[in-house]
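Protein chains in written order, with the working numbering: chain E, 1269 to 1320; chain U, 2 to 366.
It is possible that some hints are incorrect.
What the hints assert, rightly or not - Chain E regions said to be covered by chain U (calculated; three or more residues, Cβ under 8 angstroms):
id, region
1, 1276-1282
2, 1294-1303
As the list claims (entries may be wrong) - A few chain U residues facing chain E, derived, Cβ under 7 angstroms:
id, residue
3, Ile-319
4, Leu-340
5, Pro-341
6, Val-342
7, Met-344
8, Asn-345
Quick caveat, the hints were computed from the structure, so don't treat them as lab data. By construction, the Cβ of each residue, glycine as well, lies at the ideal position given by its N, Cα and C atoms.
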Amino acid sequence: MGNGGNVEVELIVDIPTDKLQQTKQDFENDGYKVKVVQQRSGQWALAAAKSG
Amino acid sequence: MRKPWASIGLRTQSITLMRDALYRLCEAYYNGQLSKAQVMLLLSRSQDLTAAIVAVEQLTGAVVAQQAALSGSAGASSAAALVSNAKALEQMQTFQKKKADELTEAKKKQGEARTARDRNQKAVDDKQNEIDSTPASDMQKRARLEKERDALKNELSASEQTLAQEDSNVALLQKQLDDITRVTDTIASQLDSVITSASATAAGTSVLGASSSRGGLSLNDASVESITLGVKEIVTTVLGKKYIVETCTALLTNPRPPDVDPVEYQNTLVLCYQVIRDAAQAESKISQKMIGEGVGGHFGSDHCSAAIRSFWQPGGIINPVNRAQIDAAIRQAGVKASLPVLMNTEELLDDRRKVGLILGLPACK
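Chain U with its partners taken away, still in its complex shape:
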């Protein structure tokens, strides 16, 4: 437990490697060898690798500063190992919180972008209605309105692009957060495992020795096995992570390299659009579900469900006419579930929204 005061100025191999990799990344960018999108991708990978390296280093105690003094018993050494792992967990949790905050901010921007897009869409529709209701004989007015409508269409197109970017950003951050969460959970489970192993050996083989690889600690076979499994899990997770969305983003935001076949390149771009669209749609569904059910929302208690219920039973009294309208909306939406199931099944939120929109319920937008 006398470790910290002897660790000033510690430079592990990992710290040196990470510092060098980031320096080279920066250098390559300023030499024009990397685009902004590629830097973004590589930084994202670097963050993932950093998280994994910190975890592995703390779990294994790969390189630590030479201890200035050693004392204590087997109990103390077990505690030292646990403190080491607990610190790794704390660092990861801080990292996780930071990423979660970024995601919240991105989702907020995504919501604003969606609102702007919807507002522009409505403006275009209103203008079109105005054109349609203007007599064909009033050509001057129609021409003016059409010009205004085209300007609005341009605004709509810009807002759609912004929304697509925000969707993509949310998808990326969500993916990173999921990865960080996975690593954090792995450390937490390994910490539990180490606690168990350490407790089992407290009165036995744990001893202190200045030249041991794990900060002066010797661990028994079970502890070594637990740590090895944890490290393997972390490395497998991080190295196995697919950066397909990030890679596609980099590909789509850069010009075609001259030595790549244009047709092949075009086909790849089409696939990339699909990948990003799928990822954005998946994330959008998740965020819509969260928004629909509100913070702390539960089973069948989202706003849309409540709105359908109020439509069906205004003032708590069943309205047969509205009930028939709901049945018609369910059929029109192609929903197979009955009304009570539709309102009380969490997974049917999308179907509820469809039915609610047909009924014109604002809470289901």
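For reference, chain E alone in the conformation it holds in the complex:
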């Protein structure tokens, strides 16, 4: 939930597989660029950024 100048950056971790698509869609619908990586636990982490 940081704010680097005029860029908003968000990070969410431990997303269950069945919730990943919805979470990603929410961010994309709000104008974020999204990057998803899988954690060792099998759950997912999502990084999102958009111009403020």
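Got chain E; can you put chain U on it based on the hints?
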């Protein structure tokens, strides 16, 4: 493995002590030396102690009936020790389930009490609106409405008290269940530990002997150490348990003893109210979270989150006007998270509710 048939009529020291303690408790109550609240507190402690004593006794095999016959090998003795611990675990799990059922019932009552309180609050508000919309010149009607409103206020006050009691009850049961769960987990982990120790010694030092303290079994050093640690953990947990909420409940429901300073007593009561309120609020948050996310609910999938999403994207199409309203609600609620984070972070359920309530979404109540 020939143990059960020789154990009829067993009375251990612990059984005798527990029976005597409960008898004395009952006796003190009927002699007027204890209040109902104090009995409740002492019974609660007694239950905790019973759970611990059963666990310790089964783990250590402190006193068992003399075995009628002994036979078998080292393998059989290891199995006997495991059966003994498994029984303790089974008893604790039964106890745990009973307490969990009580908690479920209490939470149901808490929910009903909250609904009743909300209904009464709405009735008072509606009546007040009716009064406000009645012209000041119509004094007769206003007087009648005000009388009705006051009656409703009394009902509201009663329902608030009921809710506070239910909150307190849920908090108490939750605390007891947590303690039981802790003891059960300890036994389970010690059972695993004993299994490991017993397996390691199956071909070695375990022998049967009628006068041994552990039901005729001799255990090696590692097994003894494992059991000792388990017992220490159980005793420390139970004796270290703080009964502050229960004590406060007893204090608040009894008159001030004549030899206690009134000011000091009043200060303590204020602290006790705070303790119980904090405990109730903590439990209420947990139950609200459970209700909000539904049984088996997961990450960002509660009803409130879904309602905000539908408001933002009705029919799957983004509505910019509603989006602006959501932003305004987020600001008004003092929430720092962005909308996607707010909807998809489990821990932000309370914030979601605040925003949802500002937006007037029923699913967020």
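Hint by hint, here is what the structure shows:
1. Counting residues of the region 1276-1282 of chain E whose beta carbon lies closer than 8 angstroms to any beta carbon of chain U gives 4, which reaches the threshold of three, so the coverage claim holds.
2. Counting residues of the region 1294-1303 of chain E whose beta carbon lies closer than 8 angstroms to any beta carbon of chain U gives 5, which reaches the threshold of three, so the coverage claim holds.
3. With a least beta-carbon distance of about 6 angstroms to chain E, the hint placing Ile-319 (chain U) at the interface is held under the 7 angstroms criterion.
4. For Leu-340 (chain U), the interface hint holds, the least distance from its beta-carbon to any beta-carbon of chain E being 6 angstroms, beneath 7 angstroms.
5. Hint on Pro-341 (chain U) holds. Least Cβ distance to chain E is approximately 4 angstroms, under the 7 angstroms limit.
6. Given the 7 angstroms rule on beta carbons, the hint for Val-342 (chain U) holds: about 5 angstroms separates it from the nearest Cβ of chain E.
7. Here the hint on Met-344 (chain U) is kept, as its CB sits about 6 angstroms from the closest CB of chain E, short of 7 angstroms.
8. At about 4 angstroms, the closest approach between the beta carbon of Asn-345 (chain U) and any beta carbon in chain E falls short of 7 angstroms, and the interface hint on this residue holds.
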